[in-house]
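So the protein sequences, as listed, match chains A and B. Count the first sequence with my numbering and you get residues 1 to 349, in order. Count the second sequence with my numbering and you get residues 350 to 556, in order.
These are calculated hints, taken from the structure and not from any lab test. Cβ atoms here follow ideal geometry from the backbone N, Cα and C, with glycine treated the same way. Careful: at least some of the hints might be erroneous.
[Claimed, not checked] No farther apart than 25 Å at their CA atoms in a straight line, the calculated lysine to aspartate or glutamate pairs in the DMTMM-like style are these:
hint	chain 1	residue 1	chain 2	residue 2
1	B	Lys533	A	Asp316
2	B	Lys533	B	Glu520
3	A	Lys44	A	Asp69
4	A	Lys72	A	Asp42
5	B	Lys522	A	Asp316
6	A	Lys44	A	Glu232
7	A	Lys324	B	Glu520
8	A	Lys324	B	Asp530
9	A	Lys146	A	Asp42
10	A	Lys72	A	Glu232
[What the hints assert, rightly or not] Simulated coverage check for chain B against chain A, where a stretch passes if three residues somewhere in it have a Cβ under 8 Å from a Cβ of chain A:
hint	segment
11	411-423
12	435-444
[Unchecked claim] FRET-style restraints, in silico, Cβ to Cβ:
hint	chain 1	residue 1	chain 2	residue 2	range
13	B	Leu491	A	Gly339	14 to 24 Å
14	B	Val544	A	Lys324	26 to 36 Å
15	A	Tyr284	B	Tyr495	25 to 35 Å
16	A	Val236	B	Val409	45 to 55 Å
17	B	Pro521	A	Gly59	57 to 67 Å
One letter stands for each residue in the lines below.
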Amino acid sequence: MTEFFEGLGMSYEWAWTVATLVGILAISLIVMFSVAMVIYVDRKVLGAIMLRRGPNVVGPFGLLQSFADGLKVFLQETIIPSAANKGIFLLAPIITFTVALAAWAVIPFADGVVLADINVGLLYILAISSLGVYGVVMSGWASNSKYPFFSAMRAAAQMISYEVSIGFILVCVVLWAGSFNMTDIVMAQKGHGLGIVNGFFFNPLLFPIFVVFFICALAETARAPFDLTEAESELVAGYQTEYSSMSFALFWLGEYANILLMCSLCTLLFVGGWLPPVEWAPLYYVPGIVWFLLKTFGFFLVFSWIWATVPRYRYDQLMRLGWKVFLPMSLIFVALISGYLMATGHFAK
Amino acid sequence: MIQTLAFYLLAGLVIASAVMVILSRNPVHSVLWLILAFFNAAGLMVLVGAEFIAMLLVIVYVGAVAVLFLFVVMMLDIDFAAMRAGFVKNFPLGIAVALILLAELGLGIGAYGAGGLELGASDEMAPVRDDVSNIASIGALLYDDYIILFEVAGIILLVAMIGAIVLTHREPKPGARGRQDIGKQISRRPEEATVLKNPEYGKGVEL
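Chain A with its partners taken away, still in its complex shape (with noise of 0.2 Å):
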C-alpha cells in the first residue's frame, strides 16, 4: 500500500505514514465488525444449545442485534460512582479496548495482509496480551466497591498464571517453525503432515499443546469454564460492575476481540493460518483469506459450545490446573519437542 501512496507524489515517510494509517482503520473497522457478528452469533448458538430463538427480532434473523445495542449504550448515561477514583475508572475501558485492538497489527490475515511484518511478531502479541491484565485490575481498584476488587486479583492470578504455560507452549511452535515471524510460522507448517495437510495440528507432538494452548486461551480470554471474574453468582458482574454505558461497552468489545485474537492465533499457529486444509491444487484458488476467516469462525463455534456446555471452574481448581497440570506438561513437552528436533537434526538446515 506504501507505493500506492508514494505514485500520489508523496515522499517515502509520509506514504508510509498514510499507508500504516489506512491499514489501522481497515483493521480496526473490519475486527469491530467481526465482533460485532460475533456477539450474534454467540447468542445464537447459546439460543439453539438451550432450545431458544435467541436474538430474533432486529433486522432479519435478528441480524441487526448488535448494532441496536450497540446505539442504546451509546445513549444511554456514563455514570461514575462518586467514590470512584475518576481518571483510572475512565481511563480503564480504554486500555482494554485499545490493547485488544493492538494485537491485531501483526495478524496475517493471508500471504504478505499484514500490517506489520516484524520479525518478533509472536514476542509482541506476547507482550501485548500481557498488558490486557491492566485494564481489568485498573477499573476494579478505581470502581472503589467490593465485588469489582475482588474481581480484578482473581484475574490478575488467572491471568499471570497461564500466561506462563502460553509462554512455553508458544516456544514449542518456534522451535518447530524455527522462527518468531508470523508469516513465517504459517509457512513452516505447508505440508507438515507427510505433505498432505497443512498445520501443526497433524504432529503428534504438537497435538497435545495444541489442547492445552485452547484450554489457555479459555482462561487468558476469561471464558467459561474459566470467567471466574466475572461470575454472576458470586461477584454481580466482576470488574464491570460500576460501569454503565459506552465505557461497558468497550469492555464487552475489547473482550471479545480477544476472543476472536485467540482464535485467529490458534489458526496461525496450529491450524495452517491462511493455508487450505488440504494441500491439493485446486483449494489454493480459493483466496487465503477465506479459509483463515473460516477457521477462526469454526474456533470462535467451540468457544460458544463450551460457554453452553460446561461449568465453571472453582478457583483453587483452575489455580491447580494452571500451575500443576499445565506449567509442567508445557514444560516437558519443551524438552521433549527440541530433543526430538536435535536428534532429527532439524536444526541443522
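Knowing the structure of chain A, use the given hints to seat chain B on it.
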C-alpha cells in the same frame, strides 16, 4: 523526520512519567506512571532497532513485575496523614541519598567525558547487520560464547526460587482440615453423597 518525532515523543514521555512517579501522591498512580515509563522505554528500544529487548522489557517488566507491584500496592490501605507525618523525620536521610546519587552521577559523567572509561566502542558504533535478526544474534552470543555464564545465572535463579519456596512453605498439620483431594472430590457419586428419605409429617429424619 517521523523517527525524530517519535524519539522526542517517547523520550519526553519517559521523562515526564518518571517525574510523575515521584510527584504523584497516590502510590497506585505512581505504579501506573512507572508502567508508562517502562512502556515508552520499550518504544525507544524499538527505535534503535533492538526489538527483541523491547519485547522482553514489555513482557517481563510491564507484563509480570509491574502487575505484581500494582497488586501489592492496590491492597495497601493508604493513610495519607501518616505518610506525611514521616516526611520531616525522613527528610535528611532522603536528601543525603539524593546528594550521594547526584555526586556519583556527576563523577560518572565527568569520567566518561574525560575518556577515563572504556565503555566498549563509544566513538564508532558497531556496524548494524541487516541480514541477522536481533533474536538470532543474541541467541548465538548467549548460547555459544557466554553459555557458562548463562547457565550459572540460571542456576542462581533456580536456587533463589527454591529458597523462596522453602522459606514460605509450611507443612500442614497432620489431620488438618482444608486439604483437598481433587480426585476424591470428582469421583464422588450421587449414591454415596445423598440419601432419599420420606419422613412422616411432624417427625424428623434419622441420618
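Verification of the hints:
Between Lys533 of chain B and Asp316 of chain A the CA atoms are separated by roughly 15 Å; this keeps the pair inside 25 Å, and the hint holds. Taking the CA atoms of Lys533 of chain B and Glu520 of chain B, the gap is near 21 Å; set against the 25 Å cutoff, the hint holds. A hinted pair counts as satisfied when its Cα atoms are at most 25 Å apart, and Lys44 of chain A with Asp69 of chain A qualifies at roughly 15 Å. At roughly 19 Å between alpha-carbon atoms, Lys72 of chain A and Asp42 of chain A fall within 25 Å of each other, so this suggested pair holds.
Straight-line distance between C-alpha atoms of Lys522 of chain B and Asp316 of chain A comes to about 20 Å, which keeps the hinted pair within the 25 Å bound. The straight-line distance between the Cα atoms of Lys44 of chain A and Glu232 of chain A is roughly 21 Å, inside the 25 Å bound, and the hint therefore holds. Taking the CA atoms of Lys324 of chain A and Glu520 of chain B, the gap is about 18 Å. The hint holds against a cut of 25 Å. This hinted pair checks out: Lys324 of chain A and Asp530 of chain B have alpha carbons roughly 13 Å apart, not beyond 25 Å.
Annotation: proposed proximity of Lys146 of chain A to Asp42 of chain A is violated, straight-line Cα distance about 30 Å (limit 25 Å). A hinted pair counts as satisfied when its Cα atoms are at most 25 Å apart, and Lys72 of chain A with Glu232 of chain A qualifies at roughly 22 Å. Interface restraint, the segment 411-423 of chain B with chain A: holds (8 residues with C-beta to C-beta distance below 8 Å; minimum three). Requiring three or more residues with a Cβ within less than 8 Å of a Cβ of chain A, the coverage given for the segment 435-444 of chain B is violated, as only 0 such residues are present.
Taking 14 to 24 Å as the suggested C-beta distance range, the pair Leu491 of chain B and Gly339 of chain A conforms, at roughly 20 Å. As the Cβ distance of Val544 of chain B to Lys324 of chain A is approximately 34 Å, the hint placing it in 26 to 36 Å holds. Evaluation of the 25 to 35 Å hint for Tyr284 of chain A and Tyr495 of chain B yields a failure: the beta carbon distance comes to about 45 Å. Hint check: Val236 of chain A to Val409 of chain B, Cβ distance near 34 Å, so the stated range 45 to 55 Å is violated.
At roughly 59 Å, the beta-carbon separation of Pro521 of chain B and Gly59 of chain A lies within the given 57 to 67 Å, and the hint holds.
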